[in-house]
Amino acid sequence: MESSAEAEYAAFEEKVRRTVYVDSLSPLVTEAVLKTALNQFGNVCSVQFIPNYTDSKNIPRAALVEMENMKQAKQIVEEMANFPFMMSGMPRPVRARAAEVEMFDERPRKPGRRIQCCWLDRTDPAFEVAKKIKHLVRKHASEASFLLKSQLAEEEKLANQQSETLKANYKKHELIEGVLTDGTANRLARRYNINFMDA
Amino acid sequence: MADYVFSRTFDVGNCKIYDMFEDTIAGHEVEHFFNCREDQKFIGRLKFKMNLEDTTGKSGLSSKFEAGTAVTAVKNVQSGSSTNPEKRENLTDEDGMGAANISHYPLEGRAKVKYSDALTSTGVLNVCPPKKRKLQRTSEVPEMLPNLLSRLSHHKEKSLDAQISFSEKSKLLKGVKFEKASKIPHKEMDQFEQHEGLKAGIHIVEVTRRANADTSKWFKQQPWEERLQRAQDKGSLVLLENLDPSYTSSEVEGIVWHAFKEKVSAKMIQRSSFSSPHSGQAFIIFRTKDAAEVAISDLTKKCLMVGNERPVVGRKVTLREPGNPCKFVGHMVIDKIKFQKQREEQRNAVSTSHFSQPNTIEYGMAMEWLALQEKSNQWWDALNEQQAKEIGDCGRQIKNRHNQSKNFYLGNQCMLSS
Chain A
1 MESSAEAEYA AFEEKVRRTV YVDSLSPLVT EAVLKTALNQ FGNVCSVQFI
51 PNYTDSKNIP RAALVEMENM KQAKQIVEEM ANFPFMMSGM PRPVRARAAE
101 VEMFDERPRK PGRRIQCCWL DRTDPAFEVA KKIKHLVRKH ASEASFLLKS
151 QLAEEEKLAN QQSETLKANY KKHELIEGVL TDGTANRLAR RYNINFMDA
Chain B
1 MADYVFSRTF DVGNCKIYDM FEDTIAGHEV EHFFNCREDQ KFIGRLKFKM
51 NLEDTTGKSG LSSKFEAGTA VTAVKNVQSG SSTNPEKREN LTDEDGMGAA
101 NISHYPLEGR AKVKYSDALT STGVLNVCPP KKRKLQRTSE VPEMLPNLLS
151 RLSHHKEKSL DAQISFSEKS KLLKGVKFEK ASKIPHKEMD QFEQHEGLKA
201 GIHIVEVTRR ANADTSKWFK QQPWEERLQR AQDKGSLVLL ENLDPSYTSS
251 EVEGIVWHAF KEKVSAKMIQ RSSFSSPHSG QAFIIFRTKD AAEVAISDLT
301 KKCLMVGNER PVVGRKVTLR EPGNPCKFVG HMVIDKIKFQ KQREEQRNAV
351 STSHFSQPNT IEYGMAMEWL ALQEKSNQWW DALNEQQAKE IGDCGRQIKN
401 RHNQSKNFYL GNQCMLSS
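Those protein sequence lines, which keep their order, are chains A and B.
With the UniProt record's numbering applied, the first sequence covers 1 to 199.
With the UniProt record's numbering applied, the second sequence covers 1 to 418.
No wet-lab data here; the hints were simulated from the structure.
Just so it is clear, the structure is predicted and the values come from calculations on it, not from any experiment.
You may find that some hints are simply not true.
To be verified - In silico lysine-lysine, DSSO-like type, Cα no more than 30 Å apart, as pairs: (1) B:302 with B:234; (2) A:74 with B:375; (3) B:399 with A:131; (4) B:327 with A:132; (5) A:132 with B:399; (6) B:301 with B:316; (7) A:139 with B:389; (8) A:167 with B:327; (9) B:327 with A:157; (10) A:139 with B:375; (11) B:389 with A:149; (12) A:74 with A:110; (13) B:16 with B:234.
Construct the entire structure; sequences and hints are all you get.
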């Protein structure tokens, strides 16, 4: 019994090491897209999206991709850290990290772990400290949610800025195209006695 | 082992056959209806009173009926007292739940069969086999029946004599019900006191696998998302925080079982890049709204310490609305590309996943994103580090206090012994 639990846990840990956590995913990315994309690096065994029930809905999606072996997983993480990888859109690249045990939904219990719990009474000397920790937990949660909010704002800012740049570029191209097609360029060339083809 | 296998349910209210088994039928967990085991009876009884109130409150008795009950109040008492000895026996005898009740069944069973004959069009017959089985197994039947019967009455068949015998049956059943409701509390109180005693002391309970945890896998569960949504609508959803992030869902179920004596389903929230590495969160679906509220107030007023010095925080949680696709920034499209005459293959090209090439605008922009990602990594690391420090400080304090209290108790003992 004990040894089978240990074997199960060891197998699970091995699976964790083979798995890549991918986030900054567009909502358009489906399991099939992920599979095709990461099959370039090896064989994708399974894909699982991590559901997001509570957080603000603008958080990009994340997924766990299980690869055939550890080497492939490692390679994906390394390459995506150094080169921007696009999936279902651009220019925002996806991000890959090594998966962690806690990211998995179905995981076996750690063999041999014993959990103890007890109710603290008001009279217990530890009660006040426990209360303090509870406050701390709340504080930390709100700190994290604030940070997340500012990150999302930051991302939006960058996206807007880039879209402005792109529009400017686009406009420039359009202008040049327009000048060339309606003969303005030719007329100007004649006016200034420049050979248009040289310019 | 199961004697029968049930794969479908028939909803008498909606006249529909479902492939899925609900967790509860008219407020009762399904496992009470089928294949009852010795150890389940205990829990069944604990819940009993609550269920009684539930069904009596909500049972869709027609108004005609309610009027009728006043007239027959005397009768209730009579029928109640006539069943009294049996009931008492039923309550005192731990194992003989079925035995005493069976004497009622021929009567009720017949009544039901009669109705189902009359109302074949509503498809009652489909329900019969499981119900009949239930009759022999549990003591909760009596208040189920009026519920069922009253629903039938909504359907059709206004035939007079049917209604008369029908209402008489339910009167009888009501009598039984009242009698029961009055009997149960003693038992319940005992149980309750036991729990209180357990909570008041500083007993450290080792969390083991919850009793009959495996029964939850008897029936195919509904998808978790649906159950979560339903629990939120019902108000029985609680978010626990500050758990050890490495706990599994079943371990959390065990903790809740030991702390609140409530059978719940729990799910650890999967970690993502934005979740705290210090505080694990889990959704808990309680069976009732009351249980959820009691748990939250207990967690607020007292402190439940789990594992090595972690007080658990519990709160209500609102889920984000499902269905709305989320907004995702950072992907851009040029919708009208007219300045380039596109070749056929260019037009048909789909954006595939790729590494960007260094000589493109895309690459330059992607680099900006990578820089932002790096910044984000750093600020999350900074936050986590700072939080870890704060938690560490408090952890040390609590250890000191623990030692203090140990010394305190030891000192008391010394004084007593001297």
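Tested hints:
1. B:302 with B:234: At roughly 25 Å apart (the allowed maximum being 30 Å), residue 234 of chain B and residue 302 of chain B satisfy the hint.
2. A:74 with B:375: With Cα atoms ~22 Å apart, residue 74 of chain A and residue 375 of chain B stay inside 30 Å; holds.
3. B:399 with A:131: 14 Å, holds
4. B:327 with A:132: 37 Å, violated
5. A:132 with B:399: 14 Å, holds
6. B:301 with B:316: Judged against 30 Å, a Cα distance of about 15 Å means the pair holds.
7. A:139 with B:389: Holds: residue 139 of chain A and residue 389 of chain B sit about 14 Å apart, inside 30 Å.
8. A:167 with B:327: The hint holds at about 21 Å.
9. B:327 with A:157: 14 Å, holds
10. A:139 with B:375: Between residue 139 of chain A and residue 375 of chain B the Cα gap is close to 23 Å, so the pair holds against 30 Å.
11. B:389 with A:149: It holds: about 23 Å lies between the C-alpha atoms, which stays within 30 Å.
12. A:74 with A:110: 25 Å, holds
13. B:16 with B:234: At roughly 23 Å apart (the allowed maximum being 30 Å), residue 234 of chain B and residue 16 of chain B satisfy the hint.
In summary, the structure is inconsistent with hint 4 from the numbered list given earlier, while agreeing with all the others.
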